[in-house]
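Visitor: These are the residues of each chain, in order.
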Amino acid sequence: MEQSLLKEPIFEVERILELIPQKSPFVMVDRLLEYTEASGKTGFAIPRDNILVEDGIFSEPGLIEHMAQSMSLWRGYQGFLAGLDKPKTGFIGSIKSVEIFELPVAGSTLTTYVEILQEFKNVTSVGARTEDERGKLLATSEMKTVTVD
Amino acid sequence: MLLKDFYSVVSSSQEEGKYITHIKINKDHQIYEGHFPNRPVTPGVILMQLFKEDAERRLANSLQLKNAHNVKFMAIVDPKIHNELFLEYHFEDNNQEIRLKGIAKTDEGISLKINAIYKLI
Numbered sequence: 001m002e003q004s005l006l007k008e009p010i011f012e013v014e015r016i017l018e019l020i021p022q023k024s025p026f027v028m029v030d031r032l033l034e035y036t037e038a039s040g041k042t043g044f045a046i047p048r049d050n051i052l053v054e055d056g057i058f059s060e061p062g063l064i065e066h067m068a069q070s071m072s073l074w075r076g077y078q079g080f081l082a083g084l085d086k087p088k089t090g091f092i093g094s095i096k097s098v099e100i101f102e103l104p105v106a107g108s109t110l111t112t113y114v115e116i117l118q119e120f121k122n123v124t125s126v127g128a129r130t131e132d133e134r135g136k137l138l139a140t141s142e143m144k145t146v147t148v149d
Numbered sequence: 001m002l003l004k005d006f007y008s009v010v011s012s013s014q015e016e017g018k019y020i021t022h023i024k025i026n027k028d029h030q031i032y033e034g035h036f037p038n039r040p041v042t043p044g045v046i047l048m049q050l051f052k053e054d055a056e057r058r059l060a061n062s063l064q065l066k067n068a069h070n071v072k073f074m075a076i077v078d079p080k081i082h083n084e085l086f087l088e089y090h091f092e093d094n095n096q097e098i099r100l101k102g103i104a105k106t107d108e109g110i111s112l113k114i115n116a117i118y119k120l121i
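From first to last, the protein sequence lines stand for chains X and L. Using my numbering, read the first sequence as starting at 1 and increasing by one per residue. Using my numbering, read the second sequence as starting at 1 and increasing by one per residue.
Take these hints with a grain of salt, some might be off.
Said to hold, decoys possible - Cut-off 25 Å, straight-line C-alpha distance, at most; resulting in silico cross-link-like pairs (SDA-like, lysine to any residue):
{"hint": "1", "chain 1": "L", "residue 1": "Lys119", "chain 2": "X", "residue 2": "Phe101"}
{"hint": "2", "chain 1": "X", "residue 1": "Lys88", "chain 2": "L", "residue 2": "Lys80"}
{"hint": "3", "chain 1": "L", "residue 1": "Lys66", "chain 2": "X", "residue 2": "Ser108"}
{"hint": "4", "chain 1": "L", "residue 1": "Lys119", "chain 2": "X", "residue 2": "Glu131"}
{"hint": "5", "chain 1": "X", "residue 1": "Lys96", "chain 2": "L", "residue 2": "His29"}
{"hint": "6", "chain 1": "L", "residue 1": "Lys72", "chain 2": "X", "residue 2": "Glu142"}
{"hint": "7", "chain 1": "X", "residue 1": "Lys23", "chain 2": "L", "residue 2": "Val41"}
{"hint": "8", "chain 1": "L", "residue 1": "Lys66", "chain 2": "X", "residue 2": "Ala106"}
{"hint": "9", "chain 1": "X", "residue 1": "Lys144", "chain 2": "L", "residue 2": "Lys66"}
{"hint": "10", "chain 1": "X", "residue 1": "Lys121", "chain 2": "L", "residue 2": "Lys113"}
{"hint": "11", "chain 1": "L", "residue 1": "Lys24", "chain 2": "X", "residue 2": "Pro25"}
{"hint": "12", "chain 1": "X", "residue 1": "Lys144", "chain 2": "L", "residue 2": "Asn115"}
{"hint": "13", "chain 1": "L", "residue 1": "Lys105", "chain 2": "X", "residue 2": "Val146"}
{"hint": "14", "chain 1": "X", "residue 1": "Lys144", "chain 2": "L", "residue 2": "Lys113"}
{"hint": "15", "chain 1": "L", "residue 1": "Lys113", "chain 2": "X", "residue 2": "Ala106"}
{"hint": "16", "chain 1": "L", "residue 1": "Lys113", "chain 2": "X", "residue 2": "Ser97"}
{"hint": "17", "chain 1": "X", "residue 1": "Lys144", "chain 2": "L", "residue 2": "Ser8"}
Don't read these hints as lab results, they were simulated from the structure.
Required output: the full structure, derived from the provided sequences and hints.
Guide: What follows is the structure, given as structure tokens:
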């Protein structure tokens with residue numbers, strides 16, 4: 001991985017919320033750990049009362065949305081570096097593939113690596129992989145996200 | 001149901017291996033406060049979840065998504081414009097996993113295409 005262009009990780013939720021279009025109660029990422037021009041590392045401490053937690057388990061939609069919002073956060077920081085004052089609205093356009101190996105428990109912390117595969121106009125192809133605190137692989141995905149003004 | 005009060009099933013039917021379920025979305029659900037402020041868009045992951053929950057009801061068995069591929073979100077589902085959705089799908093059941101292929105439609109056309117494999121749990 002290239003050297004991170006982030007001087008230090010961002011953990012402040014208020015700052016994260018300035019970088020993504022999603023707002024409470026649909027926020028599934030809470031930290032930006034690394035940022036390069038073509039990759040990012042994010043995380044999420046899953047609140048026990050998160051809307052996508054059921055019976056103490058972070059659901060499949062939660063995990064997939066976390067991967068998509070990790071991408072959103074990468075793009076938000078890209079926009080911040082380019083001088084945008086607020087993030088563009090963006091959502092999932094298609095999922096080429098997603099594999100879920102294990103669902104995380106609420107209260108645990110996810111780490112996600114995103115890789116920008118291609119950017120063309122308002123469509124970005126991204127690969128993501130999510131690990132638990134012990135580095136165990138929980139899920140991988142490849143999707144296209146679409147931004148609108 | 002993962003999201004409380006998010007939708008209700010209006011009707012469900014089955015003919016020749018095809019399952020059809022008519023769903024009504026609660027346009028005032030709190031997820032729309034965050035996705036997105038002043039611009040409600042039904043999250044794609046939540047649309048995907050509708051198929052899992054509907055198949056669970058049909059099978060009377062819990063499922064967990066194992067993988068999905070070629071999921072295409074063809075049109076935004078803005079609940080203020082479209083709060084009635086029709087799921088149409090079929091699946092194969094080999095006693096360990098379910099292979100599902102389906103679409104979600106509004107009265108204006110297809111919103112979503114999905115291919116998914118769930119494990120029985």
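Visitor: If a hint holds in the structure, say so; if it doesn't, say that too.
Guide: Status of each hint after checking the structure:
Of the pairs offered as hints, the one joining Lys119/L and Phe101/X holds, with about 11 Å between alpha carbons and a cut-off of 25 Å not exceeded. Taken as a hint, the Lys88/X and Lys80/L pair is honoured in the structure, with Cα atoms around 21 Å apart against an allowance of 25 Å. The straight-line distance between the Cα atoms of Lys66/L and Ser108/X is roughly 21 Å, inside the 25 Å bound, and the hint therefore holds. As the CA atoms of Lys119/L and Glu131/X are separated by approximately 21 Å, the hinted pair is consistent with the 25 Å bound.
Distance restraint check for Lys96/X and His29/L: the Cα-Cα separation of roughly 29 Å exceeds the 25 Å cut-off, and the hinted pair is therefore not satisfied. Note on Lys72/L and Glu142/X: the hinted pairing holds, with a Cα-Cα distance of about 12 Å set against a maximum of 25 Å. Of the pairs offered as hints, the one joining Lys23/X and Val41/L holds, with about 13 Å between alpha carbons and a cut-off of 25 Å not exceeded. Pair hint Lys66/L plus Ala106/X holds up; C-alpha atoms about 19 Å apart against a cutoff of 25 Å.
This hinted pair checks out: Lys144/X and Lys66/L have alpha carbons roughly 20 Å apart, not beyond 25 Å. With a C-alpha separation of about 23 Å, the suggested pair Lys121/X and Lys113/L falls inside the 25 Å cut-off, and the hint holds. The hinted pair formed by Lys24/L and Pro25/X meets the criterion: a straight-line CA distance of about 21 Å does not exceed 25 Å. Taking the CA atoms of Lys144/X and Asn115/L, the gap is near 16 Å; set against the 25 Å cutoff, the hint holds.
Between the alpha carbons of Lys105/L and Val146/X the distance comes to roughly 20 Å, so the proposed pair stays at or under 25 Å and holds. For the hint pairing Lys144/X with Lys113/L, the CA-to-CA distance comes to about 15 Å; that is within 25 Å, so the pair holds. Proximity of Lys113/L to Ala106/X is assessed by CA-CA distance (about 30 Å); at most 25 Å being required, the pair is judged violated. Using a Cα cut-off of 25 Å, the hinted pair Lys113/L and Ser97/X holds, with the two alpha carbons roughly 13 Å apart.
For the suggested pair Lys144/X and Ser8/L, the alpha carbons sit about 30 Å apart, so the restraint of at most 25 Å is broken.
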